[in-house]
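Trainee: Got chain A; can you put chain B on it based on the hints?
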Amino acid sequence: MKKIRRFLDNGDLRRFRTIVQLAAFVLLIYGAYFSIHLGNEIPVLSCGYDRQNGGMCYLLPLQHQLGRPLWLLFSMASIGILIGFATFLLWFIVFNKAWCGFICPLGTMQDWLTSLRKRFGIRYSTYSQGQFNALKSIKYVLLVLLLLLPVGIGSGVIGGEWRAAFCEICPGRMITPLFVGDVSQWTIDFSSKTSMILTALGMIITGMFIAGSFVKKRFFCFFCPMGALQYTFSKFAILRLKKDGSKCTKCGDCYTVCDMQIKDIADDVEDKNILRDDCIFCMKCIAACPEEGCLEAKMAGFTIFQSTKEGFAKRMNVNEPGGDHERP
Amino acid sequence: MAGRPAHSETAAPAVATDAPVWISSENPFGDTPWWSRAAKKPDAAADKPGKPEAAEKGGKPGKPGGKPSDGFGRPSVSKVWLMTEDVSGEARCLPRAEGRVAAFGNDLQPVEAKLASGRGCTTVTIDTGIPGRYLLFYKTDRVVRGVCHSLIAKHEKNYIRHGDHGIVPGRGEPDAVAFNLERLPLPDEPLFFRYRSGDLLPLRVTERGQPVAGAVVTLTTGAGWSKRLVSDAEGKVTFQLIRDYYPEWGDFDKSHKERFVVTAQWEGKTPGSYEGTPYSSHRKRVTYAGQFYPETAGYESYAYALIFGTAALILTWVVVYWYRRRRVRPFEEVTFDEKD
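These protein sequence lines map, in sequence, to chains A and B.
Each residue of the first sequence is one higher than the one before, counting from 1 in our numbering.
Each residue of the second sequence is one higher than the one before, counting from 329 in our numbering.
What the hints contain is simulated information worked out from the structure, not anything from laboratory work.
Glycine included, each C-beta is placed from N, C-alpha and C at the ideal position.
Take every hint as true, because none was put in to throw you off.
For the chain B half of the interface with chain A, some residues (derived, Cβ under 8 Å), not all of them: (1) F580; (2) S629; (3) Y630; (4) Y632; (5) A633; (6) L634; (7) T638; (8) A639.
In isolation and in its complexed conformation, chain A is listed as follows (with noise of 0.2 Å):
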């Protein structure tokens, strides 16, 4: 047991996550090419778009779903929306929000814009404290406006053309059928100017989305109402990240490799869950923390990966901290 604790406490975070994210992109982007198809309810941006996906993102059912008229929505035929929620529920609680940091294709497209942005020798951009501050809340308004404008369309305040109005800005919808050699989506709908205004805005986001990415680590993934979806039930989550305050030095490395610049993993030594809302799950904190134990990944209980002096030193190819001394 302890070889196996050791083996995985000194893994290397970068091939296994590269590895896993490469796995799940070909999966949900040509799934259908090997006939498998996990469902609609799959709670990580593979767009629907994509007719050869493997799987679906939940937000584009949930808004049709939601655009019913208001007598049906709620009624016993909306029972088909609670499964969908509920399957959508039991995909998120078994993984937490490494569904964003392991899985979602939109989230590696924008590692390997990075990756991309290293090998050029480009510095990388941060958003200022204050910055910081003022955006976070977009995803939280994209939410409610992915929630409330299909209820609107049932109550006949709006037009059906607001129907799935979120996946029309999302540039998931432009960027994801690319790869399957499908460029349909790179157009700006004239037929009417709703479609107009929003097919429009979603091509200024694609082209933001590409620039961001390059620049800014996860660029998009501080804005998308999936990750705040996914916030609002990670407390039943069954993978959880945990932070032992009293071993917290404040060393801040893991606020330095967080791609999502999250203050809280480095500054807080109270909290004992440090999840917070624009945590990707990467693990990079943990793989980071050179404190024994102070930084764990844990799984219905079981530690699965935790911050140990050894692993830090192997993974940042340094000396131990705190001297060497003999392995056990």
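Mentor: Quick look at chain B alone, frame taken from chain A:
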């Protein structure tokens, strides 16, 4: 002829003796609840010559066949309506059924189809519990002045929902059909397919599975436009669907449905008898109704999308570069003036 019918249950004009019959999957009553169908006046705009679809502008489209309430969920039974023309040329429900129906499922096996007349309409109910393509034929025969008139109305529809995985719509036609108009699918026709303006509509006229040359095939749209072709040696004709829908931008509906009916006619000097009545020639007619929508190229633009996307990309990079350059402060040596 193929436009949205101006239906009324009160004092309807008589149906012409030789009026064509076609099958529509749209409920001619539209959104009107069943308890308020009585004395519904047709829209006056629909009576204007050359603009039979004007009635559709402000109204809602008729609901597809099936459960009349909402269309959500796949009904195990679907309903279609038999339509015809009255003496003034307006489309209306066929008031009485004088023929017989036959329906075929995805594998060309017969499925149950029931004919019913009521409230001025004749409907056919088909068991569509199994997802797939369904074919429905309504046939009437009548001998008038020594000529046997056979009229077949054909309906083809895929009853498949997005949740039905792995369904392959059937192809081919039942050989038993006396006179048939087969729709030839396009080469890369996907599962959920709709015709759009500019698409070709290839058809083949057959008689008990064999091609019929020299049949007169006429396509008539709801806007009143029609084109006539003659089938070649292989029984084939090809029409191009062209929309006649050019509203103001604010009124444009990309889901606007334009209807058409294709009629194939063929007359042969083949004597025979029908129900004991002899005839010297046989006039056969088959109708096939369908619909098409505006072409996507008519309202979608790749060029503008690339302009917007590229502009946003470049502008974002420029802003980020300018922001980062502004934050770079050149080294300034700190000097002290001992006098201060």
